[in-house]
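Starting from the two chains in their separate frames, assemble the complex, guided by the hints.
What follows is the residue order along each chain.
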Amino acid sequence: MEYFVQQTINALSVGGEYALLALGLAIVFSIMNLVNFAHGELITLGGYAMLFSAAWFVSDPIYLLPICVLAATGAAILFERVAFRPVRNAPETTGLLTAFGVSIVVQNALLIFVATRPKPVPIPDWMQGTIQIAGLHLPMVQVLETSCTVVAATGLILLLTKTNLGLAMRAAAKDFTVVRLMGIKADRVILGAFAVSGFLAGLAAVFILARRGAVDPMMGFSPVLKAFVACVLGGFGSLLGAAVGGLSLGMLEVLLQATLPSEVAGFRDAIVFLLVGAVLIWRPTGLLGKRVELGDKE
Amino acid sequence: MGLVSATLLRSLAPICLLIAIAGLVMSIGEPYQIRVAYIFFINLTAVFALQIYMGGTGHASFGHAAFQGIAAYSVAILMTPLALKRLLIPDAPFGLAAVHLGAVPSILIALVLTGVIAYIVGLAISRLGGVAAEIATLAFLVIVHVIFTNWIELFRGPRAFYGIPSISNLYWGLGAAIIALLIAKLFRDSPYGVQLRAASDNLLAARAMGVPVERLRLLAWTLSGIVMGMAGILLATYLGTIAPSSFYFNQTFLIMAMLLLGGMRSVSGALCGTLVISIGSELTRSLESGPVIAGIDLPAMFGLTGFFLGAIIVLVMSFRREGLLGGEEFEDLFRQWKLKRKSAADETSADAPAKQEA
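Each protein sequence line maps, in turn, to chains A and B.
All letters in the first sequence, in the order written, are residues 1 to 298 by the numbering used here.
All letters in the second sequence, in the order written, are residues 1001 to 1358 by the numbering used here.
Bound-form chain B, shown alone (with noise of 0.2 Å):
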C-alpha cells in the first residue's frame, strides 16, 4: 500500500470525527455556536501546521503566530475592495493601494508570499539548532509585529485592517484543517518526516546514517509556515477584521498549549489537545465575564483564560512530557489495545489446559 492511500485510510477516523462536528454544528448550531466551531477549525489548523515543525524536530517555536499574520494581512490587502483601501491604506507602498484580485488568486499570492518567507526565515532557523533556533523564532515574531504596528502606510499600524471581504463559512474551515490533517499525517509518515523525528531523537546517530538534518528543518519549517498561513487566510476570510495583536502572543501561547496538551509528537495528539482546550476555553470565557452561578456572583476575572492555558503547560511538561496520547497516534493506540486484547485472550485459552491437568 502506497503511503498517500495509507494515510487517507489511517485520517479516516479524524476525518469523519471532523465532518461530523461541521455538520451538526451547521444543522442545529446558532450563529454564535457556528463562530465557536469555525475559530476551531482555524486553530486546529494552525495547531497541526504547528505539529509538522515541532513534531518533527522537537523544537519549540514561538514564531509561527507571524506566518498567521503575514497570510491574513496578504490577503487582506490584495482583496480588500478599492473604494474601501483609498479610505483605510491611502499611500499603501509599491502601488499596492491600487490592486485589487480576487479571492482565488490573492490567497493563492498570499500563500505562496507565506512560503517565500518562511524559507528565508528558516535559512537562518534551521542552521542554528537547538535552544538558538528556539529564541530565533520568538525574535521572528517579535519582528513581524513590530514591522506590522510601525509599517502604518502598508498595515494601518496597530489599528485594526478591516473591511475584507467575508467570503469564507465552516465548510472552508472544515476543508483547510483536512487539508492540514493530511499534510501533516503525509510528512509525518514520509520518508523525510521519519529521518526528522530521528534525528530530534538522536542527532549524532541520525547525522551519522547520513540524515540532512538542517535540509529537513528547512522543509518542515516551510511546509508548517504555508499551512499556518492558511489558518492566516480562514481568519481574515471570515472575520474580515484582523489586527496585530491577533497575531501575538495570545495566539501563540494558545496553540502551544493545545498542541503540548495532546502531545506535540502525533498529528492524533494535535487534533484532542484542541478540542479539549477549545471547549475548555469556552467555559473559562464565561467564568472570565462574571457570571452569576448557583446564587453567587462571581466577579469578572480578566486573564483567567491564559492563567489555564499556563496552568496546562506546566502540568503537562512536569507530569506528562509526551501529552494526552503520549507521541502516538489514534491507529498506533487501536493496534495496542488490539494486540493486549489478543494477548490477554492467549493467556487465558493457555492457562485453561494447565488447570485441566491439575
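The following block holds chain A by itself, in its conformation from the complex (with noise of 0.2 Å):
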C-alpha cells in the first residue's frame, strides 16, 4: 500500500513537472505559433541565476526560491525582446530555428563564462527530507510538487477566464486579428503569454533543481524534450492537451520506471518515445487535438 501511494505520488510529481512545462509551451505557440525551444534555458538560467545569489548576497535558501522563479519569468520577458520580437509574424519553422538558435546561444555562454562541470546549489534541507501523512512517508519535494502543479494550474485558470488579460489571451489563440481590432495593444498580450511560461517555468525549475542539487549549461535540454513531447502527445497548442499530455507522459515513465526490469532501464526514454509514436500513428493530431481541415477556420 505504502509502495503503491509512495508510486502515485511520484506520478503525479513527474507528471506535474511536465504539465508545468508543457502549459507554458502551449500557451506562447497558441498564441504566436512559436514553438520555444529555448524553453529549457529559461531553468538552466533559474538555476545560474541560484547559484550566483547564493555565492554572493543570499545565505538562507529559501529566499533562492523565489529568485529562480523570478529570474526564469525575466529571461523569458528578454528573450522574447531579443530573439523573438524580429520573428513574430514568420512561418513556424523560421520561429521554431530562431528559438533553437537562442538555445545554442545560452547553453554555450555559459559553457565559455561559467564553467563546463556541474556545479552544486544551496537547496533549503526541508525540502530534501520526507514529510508523514496519514502515517505513510512521502518525500517532501514531490508532495510540494504536485500541490504547487494544483495551485499554479487553477490560477492559470483563473487568469485566464476571469482578467481582460486573459480573455485576451484566449482571444488571441483564435484570431490574433481581431484581438488587435478590439484595441489590445499585441505587444501586451504576448508579453503576458511570455511572463506566464517563464513564471511556470521558473516552478519547474525549482523542483528540478531542488531534486537535482546541481546546475549544468545542458539541464534544460531533457524536461523541456519531454515537454515537447507531452504537448504532440496532447495535442500542439491545446492548453488542456498540454496538461493532459504532461501528465500521461509522467506516469507513464514512472509505470516504465518501476516495472522495467533493471537490463532495460536504460532504455525507458527511447521506450517512452516510441509509445508515443504509436499513439499518434493512431491519431496523429493528438489525444485531444482536433482534426483540423485545411483552411478551415475555427
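It should be emphasised that the hints constitute simulated quantities derived from the structure, not laboratory data.
Treat each hint with caution, since some may be false.
Part of the chain B face toward chain A, derived, beta carbon under 10 Å [claimed, not checked]:
{"id": "1", "residue": "His1059"}
{"id": "2", "residue": "Gly1129"}
{"id": "3", "residue": "Val1142"}
{"id": "4", "residue": "Ser1246"}
{"id": "5", "residue": "Gly1303"}
All residues carry an ideal CB built from backbone N, CA and C; glycine is no exception.
Encoded structure:
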C-alpha cells in the first residue's frame, strides 16, 4: 500500500513537472505559433541565478526559490524582446529554428563564461526530507511539487477566465487580428504569454533543482524535450492537451521505471518515445487535438 | 534537354569548384589540412542530404544525425576484423561477432539498412506534418542515441568503437559529395521536388491540384536518410573510430547552421553555407584553445564554436530568412544578373536617341 501511494505521488509530481513546462510551451505556441525551443534555457538560467545569488548575497537558501522563479520569468521576457520579436509573423519553422539558435547561444555562453562541469546549488534542507501524511512517509519535494502544480494550474485557469488579459490571450489564440482590432495591444498580450510561460518554467525549475542539487549548461534540454513530447501527445497548442499530455507522460515514465527489468531500464526514454509515436500513428493530431481541415477557420 | 543532362550541365560549376578544392588540398596540403578538407566533404554530403528533406518540405529535421550514426555503426560492425571484434563486442547479438565482410558489401548493406529504417520512421513522420513532425524528428534522434549508448553488446555503449579499417581517402569524400550534390539537384528539379516545394509553399493549393504530399514527404525523407548514410560511412571509414556523441546535438546543429546560413531552399545555398562555416569554425577552433594573438594571451574558451553557430542561426532567421543565396541556385542568380545587365543596356540604348531629339 505504502509503495503504491509513493509511486502514485511520484508519478503525479513528475507528470506535474512536465505539465508545468508543457503549459508554458502551449500558451506561447497558441498565441504566436512559436515553438519555444529555448524554454529549457529558462530552467537553466533560473538555476544559475540561484547559484550566483547564493555566492554573492543570499545566505538563507529559502530566498533562492523566488529568485529562481523571477529569473526564469525575466529571461522569458528578455528572449521575447531580443530574439523572438523579429520573427513574430514568420512561418512556424523560422520561429522554431530561431529559438533553437537562442538555446544553443545560451548553453554555449554558460559553457564559456561559467563552467563545463555541474556546480552544486544550495537547497533548503526541509525540501530534501520526507513528510508524514496519514502514517505514510512521502518525499517532501514530490508532495510540494504536486500541490504546486495544482495551485499553478488553478491560478492559470483563473487568470485565463477572470481577467481581461486572460480573455485577450484566449481570444488571441483564435484570431489575433480581431483582438488587435478591439484595441488591445499585441505587445502586451505576447508579453503576458511569455511572462506566464517563464513563471511556470521557473516553478518547475525549483523542483528540478531540488532533485538534482546542481546546475550545468545542458540541464534544461531533457525536461523540455519531455514537455515537447507531452505537447505533441496532447495536441499541439491546446492548453488542456498540454496538461493531459504532461500528466500521462509522467505517469507512463514512472510506471515503466517501476516495472522495467534493470537490464532494459536504460532504454526507458526510447521506449516512452516509441509508445508516444505509436499513439500518434493512431491519432496524428494528438489525444485532444482536433482534426482541422485545411483552410478551416475555427 | 532531359532532366538528367540539364542537371549535369547546371551542376558543372559547383562540381568543378569541389574538384579544384580537393586537387589543391591534395597537391599542397599537409596531413592536417587534408583531414580538414575531408571533414568538409563529409559535412557537405550531410548538408546536401538535409537540404533534400528540409528544402523540399520546408520542415526542420533534427533527426538526420541519427542516420549518419546508423550507417557508420553498420559499416563498423560489418567491416571490423574478427580478432578485434572479439575484443570489442564479443557478445554481439544475431551472430554478428562472427561476421566479417569486405568494404563494398558492407557499404551497400549499411546504405540499404539506413534506407529501410528511414522509410519506417518516415511513415510516421510524413503523416504528422508541421510542428509535430519536427518534434518527432528530435525524439527520433534521442531514441537512436539512447539505443547506441545503452545497447552495449552491439554498440559498445558510450565508449568509442575503434579499429574500423581506414580505407577511404579525400577522393572518396569528393566523390560522395558530388553524388550527393547531383541527387539533391536532380530531386529538387524533378516533378516530385517541384510538387513538394509547391506543397510547402501552399499546402491547400497543392493538395487541391492532386499532389500526394505524404508520399512525397516520405520519398524526400528516405532519400535524404540514405544520402546522410553516405556521410556516416565516410566518417567511419576515414577516422576508424566512432562514438555515439559524434552523431548527436553538436553534429545536428553544425549541419543545421550550415544549411540555414546558405539558404535551405537551394542546393547552391547548402554548398555556400558549408564552405563559409567550415572556414569560420576552423578559425574559431584556434581561438577556442586560447592562443596568443598580438602579444595577448587569450583564455581558453570552450564552447565558442557552438556560440557562433547558434548566433548565426538566430541572425540569419531574424534578418535574412532565406539565407545568403535567398533560396536561389547559382544558375538562377547568373540568369538574373544577365537579365539585369541586358535590361540596363537596353535602357541606355533607348535613352540615347531620345536625348538626340531633345
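Going down the list of hints, with the structure as the test:
1. His1059: holds, 6 Å
2. Gly1129: Because about 8 Å separates Gly1129(B) from the closest Cβ in chain A, which is inside the 10 Å limit, the hint holds.
3. Val1142: holds, 6 Å
4. Ser1246: Violated, about 17 Å.
5. Gly1303: holds, 3 Å
Checked against the numbered hints listed earlier, the structure breaks hint 4 alone; every other hint is satisfied.
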